[in-house]
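Q: Chain H is fixed; fit chain G onto it per the hints.
Residues per chain are reported as follows:
Protein chains: 2
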Amino acid sequence: MEHITSRKNEVIRSSAALRKAAERRKQKAFLCEGARLCADAAQSGLNLHSLFYTKRAAQKYTSYLQKVQLSVKGTTYLIEPSVAELLADTQNSQEIFCVCDIPQAAQETKEHFLELPPEGMCLALEQIQDPANLGTILRTAEALGISKVLLCGECCDPFSPKALRSGMGAAFRLVLVHIASLPQSIPALRRVGWHTFAAVPAHNAGKITKVDFSVPSVMAVGNEGNGLLAETISACDQCVTIPMLGRAESLNVSASAAILMWEMMRKRSDENG
Amino acid sequence: MEHITSRKNEVIRSSAALRKAAERRKQKAFLCEGARLCADAAQSGLNLHSLFYTKRAAQKYTSYLQKVQLSVKGTTYLIEPSVAELLADTQNSQEIFCVCDIPQAAQETKEHFLELPPEGMCLALEQIQDPANLGTILRTAEALGISKVLLCGECCDPFSPKALRSGMGAAFRLVLVHIASLPQSIPALRRVGWHTFAAVPAHNAGKITKVDFSVPSVMAVGNEGNGLLAETISACDQCVTIPMLGRAESLNVSASAAILMWEMMRKRSDENG
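In the order they appear, the protein sequences are chains H and G. So my numbering is basically just the index in the first sequence, starting at one, shifted up by 13. So my numbering is basically just the index in the second sequence, starting at one, shifted up by 13.
Hints should not be assumed to be uniformly reliable.
In this list, chains with the same sequence are indistinguishable; a pair is considered to hold if it fits within one copy or across any two.
Claimed, not checked - Calculated cross-link-like contacts (lysine-lysine; reagent style PhoX-like; alpha-carbon spacing at most 25 angstroms):
(1) Lys-223 - Lys-280
(2) Lys-33 - Lys-86
(3) Lys-41 - Lys-21
(4) Lys-41 - Lys-86
(5) Lys-220 - Lys-280
(6) Lys-80 - Lys-21
(7) Lys-220 - Lys-80
Keep in mind the hints are simulated off the structure, nothing from the lab.
Bound-form chain H, shown alone (with noise of 0.2 angstroms):
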């Protein structure tokens, strides 16, 4: 174990970089914060290079510091907590970070968007703007039991620190898939039997309670205050809509995607019995 007083070390230098996107994607890693989150890391299998926490950190997150120990391949720092400060992303941080490489599934191209998960339904992301929106929808379809998501035009980044907080760790186990323009990759989407549906607030677009889910789909949502591209909906099997009763003209994005997912394994749990 090594022990880190400077502020001006070089190791910590390269890794208070990762909390900016594009040093994420220089480097193909990323800085997590927190104890839980750490241990999550770790237990996610993902391929740690280093590890930094104070004193105070090791003493009162002994049990997940445990975890992350067993996992980290590279080396360990014990640091001071005004060198903490210049990784920690949060008010009140637990002063535990790893930087772990991002896993292969996030770094997966072109060739591999068109293979079908297990569940045989995929949502596409395009354009969320908002990380705590991007890692709120990340963890809900982890916990619905979709595995894949594609992220589309300039999504923001499931690897910033925001966005991991919020999405509790999803983003180290889903395969997310980047495309660089939604509605140019639909086409070969549906070359391949995958049925293309896209979520708009339109009262006279279909229902998502009448929607047949049976097919291989792909749920696209779009951006927070514009919602998709309309060459996205026009590129689209279908539009769908969730029926609105009050008054309120749309629902957050988090919210939207979470119904329309929910939706999408609701009706699939039905026809398997």
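A: Quick look at chain G alone, frame taken from chain H:
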């Protein structure tokens, strides 16, 4: 119209104080920030007793401001950007604010909590801590047609700046009833014929898909970290759960509340054809 240039102005001080929960309770008023949210407060029939905006906000949000100005019963203030900073809760403030009375429906007390809303459904939130979660849940409730929400125990304030932002004005229109103790109130709800459900993550609880919501129903949803109080769970008629198909242990409270409310309303719509 008055012009405020001093950061020490008494009206500004007392309005800025409304960013704190204790002061909102004392004044029975709240501070609303943003062009759209202020217009929404005006259109929802709230009592607006002051309006503040900067010159640049007046130029940028003319149409929103016109809607608000029609409804202001008190004074309109032109303020300097340095003064707007004192009222702002966001980093890039739109520099439009109004002070509104907390709506009557949100001040309902014990005597009213037994009243059945027209849709026959009600949500009871116990000790929700995060204002963004609370706002999102209220927005979802309104969108799905649930008009009454019980806020139980130490629930965060629906009129805090953050809760208002994520709620998109839902708190302006819902009936929000504050209850000191949900477990102590459940017997009264049951006596007048409400069926009380406790949402729990336990696998052995009844699946939400199998539940009969044809009777007047209250769905109790608990705190982010700990769920419902044990006393609440044992006081309810029935425990229900969202079947989890994946590896995640639980859903975010706003995602699970969305699915629970969706199932309540979906089944009721099914029954009504």
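Q: Between the shortest in-copy and the shortest cross-copy C-alpha distance, which are at most 25 angstroms for Lys-223 and Lys-280: within, between, both, or neither?
A: both (10 angstroms within a copy, 13 angstroms between copies)
Q: From the Cα coordinates, with 25 angstroms as the cut-off, is the pair Lys-220 and Lys-280 best called within, between, both, or neither?
A: both (14 angstroms within a copy, 14 angstroms between copies)
Q: Within a copy, between copies, both or neither: which one fits Lys-80 and Lys-21 at a CA-CA cutoff of 25 angstroms?
A: neither (29 angstroms within a copy, 54 angstroms between copies)
Q: Regarding Lys-41 and Lys-86, is the shortest C-alpha distance of 25 angstroms or less found within a copy, between copies, in both, or in neither?
A: within (16 angstroms within a copy, 57 angstroms between copies)
Q: When Cα atoms must be at most 25 angstroms apart, do Lys-220 and Lys-80 count as within-copy, between-copy, both, or neither?
A: Answer is neither: 46 angstroms inside a copy and 33 angstroms across each miss the 25 angstroms cutoff.
Q: At most 25 angstroms between C-alpha atoms: does Lys-33 with Lys-86 qualify within a copy, between copies, both, or neither?
A: Classified as within; 23 angstroms inside a copy, 48 angstroms across copies.
Q: Up to 25 angstroms between alpha-carbons, please classify Lys-41 paired with Lys-21: within, between, both or neither.
A: within (23 angstroms within a copy, 51 angstroms between copies)
In summary, the numbered hints that this structure violates are 6 and 7.
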